[in-house]
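*Asks:* Each chain, letter by letter, is given below.
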Amino acid sequence: MSAPSVELVKLSRSFGGVAALDGLDLTVEPGTLTCMLGPSGCGKTTALRIIAGLEHSDGGEVRVGGQDVARVPANKRDMGMVFQSYSLFPNLDARDNVAFGLRMRGWNAAKRRERAGELLELVGLSEHASKYTHQMSGGQQQRVALARALAVEPRVLLLDEPLSALDAVVRVQLREEIRSLQTRLGITTVFVTHDQEEALSVADQVAVMRAGRLEQCAAPAEVYANPATAFVAEFIGTMNRLPGTLSADGKSVEVAGRSLPVREPGSRSAGVVAVLIRPEAVRFEPAEEGPATVRQAGFRGPITRITAVLPDGTEVLSDVPSAAAADLGPGRRAELVLDEVPVMVV
Amino acid sequence: MTAVVSDPAGTQSPATRGPAAGRPRPRRPRVGRTILLLLFAAYFFVPLYAAVDFTLGGSRRNMGHTLSVWTGLVHQDGFTTNLMTSLKIAVGTVALLLILMVPTMAWLHLRLPHMRRVMEGICLLPMAIPAVVIANGILGAFKSWPQSITGSSWILILEYVILALPFTYRSLDAGLSAIPLATLVEAARSLGASWPTTLWRVVVPNIRTAIASAGILGAALALGEFTIANLLLLNTFPVWTDQAGQQDGEVATTAAMLILFLSWLLLMLVSQLGRGRAAKKPSKLRRSK
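Listed in order, the protein sequences are those of chains R and D. Counting from 1, one number per residue, gives the positions in the first sequence under this note's numbering. Counting from 1, one number per residue, gives the positions in the second sequence under this note's numbering.
Calculated from the structure, these hints are not laboratory results. Honestly, I wouldn't trust all of these hints.
Stated by the list, open to error - Which residues of chain R face chain D? A partial, calculated answer using Cβ under 7 Å:
1) Val64
2) Gly66
3) Phe89
4) Ser137
5) Gly139
What the hints assert, rightly or not - Examples of chain R residues toward chain D, derived with CB under 7 Å:
6) Ala52
7) Phe83
8) Gly101
9) Trp107
10) Leu317
11) Val320
12) Pro321
Just so it is clear, the structure is predicted and the values come from calculations on it, not from any experiment. Even for Gly, the Cβ is constructed at its ideal location relative to N, Cα and C.
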C-alpha cells in the first residue's frame, strides 16, 4: 500500500471565540515528513488533533489520499499517534501496549505477539517487552509509544511533540531514530514541535505557523536561508535586528556604515528600517578604535558566539570560529563587518 | 525517628525549641498515646466482646461457652431466605451502581470537568437528607411503577444506589484523577478502539482499585441498612435480625455480629486492595534496576 498524502484545506477552529486555526492550508506529500513548527498557541497541536479526529474543525477539510475524512471517527481513521505526555496503558506491559491496536483489529494472540515483538525490536526494546510503564524511562516509554503507533501500519503517523518531555541527549537520539524509521517505512508523517532545531533537522518540509495560519512551508534549508516573512526569519534560528536606512529606490540599505542589497525590494518605503542579519553573516575584527564593544564571548566548541554592543546600544550577535575569537574577549573593541548578502528589512 | 516521636505534630513553636530540640526526649508522649489508644480500643471492643460472649452463652453460667447459637442460626426460621435477599440486594446495588457511575464519572472527567463540583454536590446529598425523606421521595418518584418493583426488594436496590452515591463518587473521582485519563482515552481511540471498548479495556482496568472499593462499600451498605428497609416494610437480613431480637436476644445478637464481621471482611478487602497496589510498585521498581 503506497502512502497517502495529507491535505489541509482552509481548516479553521476556534475555542470560545478565539481562533486557534484561521484558514490553514497545508499539503504533506506521500511518504514525507512535515514538521508543523510555531510558538505555543499557534494552532499546530489543534491541527494535528483535527487530522487525528480527536478534535473537530469548524470549517475546511482534511483530506487523506484525496478523501475528505471529516465524517470518519478517530478510531476508524487508521492513524498512528504519539503524544507529548506519556500515554502507555499502565495496566499493560510494553508488548501488550504495542499489540493493543492489533487486538482492536481482531488479530489472534499468536500473531499479535509476533508482530509486537518485531516492533519492539525495531525500536530497540526487545529485552524490555514485559516491563510496565513505571519500570521504563521516559525515552523508553516514548519508543514503546512509537512502536505501538506503527504496529498497525497506519496510513499516517502523527507525532505531537513526542520528545519535549525528554532530556536533551535522549531527545536528539530519538529524533534521529524517528527520522530513520520514517524514511525506511516511507510513512507519511506530521510532526508537531515548537523546537526549531528539531524541525530543521528531521523534516522534509517545515510548516511555520503563527496565529492559526501558515507563514511559510518549505524545505528546512529554504526556510532558514529564505524566510518568507519577518516572523519566520526571527523565529527560525537567531537574527540580529540592526537599525538601517533604506535607499530611495528600495534596493539597498545603509547599515553600520555599509551598503547591502535588499531582498524583495519594495516591501518597505525608504527611510529608517530594521535590518535582519544572521549571526554567521556578521564578523567582528579586533580594532582599538572600533565602534563595537564586546560584552560576552560564549564558547560553543567549534564556534564562539560573540555578543557586542554598538554605540547606540544595539546588541549584535556573531558566530566566529573559536580560533579567531581569542582577541574578542569581553571589553575589547571591534570593527563590525557584514557579509555582502541580500538582507531582509522590516 | 526519635525527633518525630518527641514532637509528633510539630506543636512546639520554633522559638520555644532549645538547642536540645534534636535530642530524643523522654518517652512520656508515647506512653500517653498508648494509654489513649487502649482507652479507645476498650471503648470499641468491650461491647463487642460482651456481645460475642453473650452469643457464646457466656451469660448462662451453668452451661459454659458453646457455639450452639451460631451453629443453630442457619436453622432459624427466615435466616436463610432473608440473608439471601440481602445478598441479592447487595449484588444488585453494586451492579447498578457501577454500571451507572463508572461511565458517568469517566464522561464527567473527560468532557465536563467544570461540572465536577456540581456532580459532587449532587452525589453528597444523600448524606444530608434523612433516610425517611429519601425513602418517601423514592416511593413518590416510582409511584407509577409496577407493584412488582415498588413492593419488592427492587425498590431497595434503587434506594441503596442513591445512598451509596457519596462513597462511589469519592472513590471513582479519586481513581480517575490519579490517571492521565484524557491521553489514555485518546491513545486508545487513535489505535482503533470504540468508546465501549475504550471504557472496558482502558478506563476500567486502570481504576480497578477505585471500582473495587466503591463496590465493596456499596455492598457493605446494602447488607447492613435497616431504617429504609424497615420503613418500607420489606424483609431483609437486618430487619429480620431486629424482629428475631424481640423473641430471642441471643439469636439477634449473633445475626448482628455475623453481618458486622461480614462487613468488616469486605472493608478489610478494600484496604488490602489499596495496600496491595501501593506495595506492588516499589518492588517492581527494584526488580527493574
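*Asks:* Report holds or violated for the interface hint on Gly139 of chain R, using the least CB-CB distance to chain D and a cut-off of 7 Å.
*Replies:* Violated - the Cβ of Gly139 of chain R stays beyond 7 Å from chain D, reaching only about 15 Å at its closest.
*Asks:* Given Val64 of chain R as an interface hint, is the shortest Cβ-Cβ distance to chain D below 7 Å?
*Replies:* Nearest chain D Cβ about 14 Å off; hint violated.
*Asks:* When the nearest CB of chain D is found for Gly101 of chain R, is that gap smaller than 7 Å?
*Replies:* holds, 4 Å
*Asks:* How about Val320 of chain R: closest beta carbon in chain D under 7 Å, or not?
*Replies:* violated, 45 Å
*Asks:* For the hint on Leu317 of chain R, just tell me whether its beta-carbon gets within less than 7 Å of chain D.
*Replies:* Status violated, d = 39 Å.
*Asks:* Take the shortest C-beta to C-beta distance between Phe89 of chain R and chain D; is it under 7 Å?
*Replies:* Holds: closest Cβ of chain D sits about 6 Å from Phe89 of chain R, inside 7 Å.
*Asks:* Take the shortest C-beta to C-beta distance between Ala52 of chain R and chain D; is it under 7 Å?
*Replies:* holds, 6 Å
*Asks:* Quick check on Ser137 of chain R please, does its C-beta sit within 7 Å of some C-beta on chain D?
*Replies:* Given a least distance of 10 Å, the restraint on Ser137 of chain R is violated.
*Asks:* Quick check on the hint: Phe83 of chain R CB to chain D CB, less than 7 Å?
*Replies:* Since chain D brings a Cβ to about 5 Å from Phe83 of chain R, closer than 7 Å, the hint holds.
*Asks:* For the hint on Pro321 of chain R, does the least C-beta distance to chain D fall short of 7 Å?
*Replies:* This hint is violated: Pro321 of chain R lies away from chain D, its Cβ roughly 45 Å from the closest one there, beyond 7 Å.
*Asks:* Close enough to count: is the Cβ of Gly66 of chain R nearer than 7 Å to one in chain D?
*Replies:* The hint is violated - Gly66 of chain R has no Cβ within 7 Å of chain D, the shortest such distance being about 22 Å.
*Asks:* Is the interface hint satisfied for Trp107 of chain R? The criterion is a beta-carbon contact with chain D at less than 7 Å.
*Replies:* violated, 11 Å
Hint check: violations occur at hints 1, 2, 4, 5, 9, 10, 11, 12; the rest are consistent with the structure.
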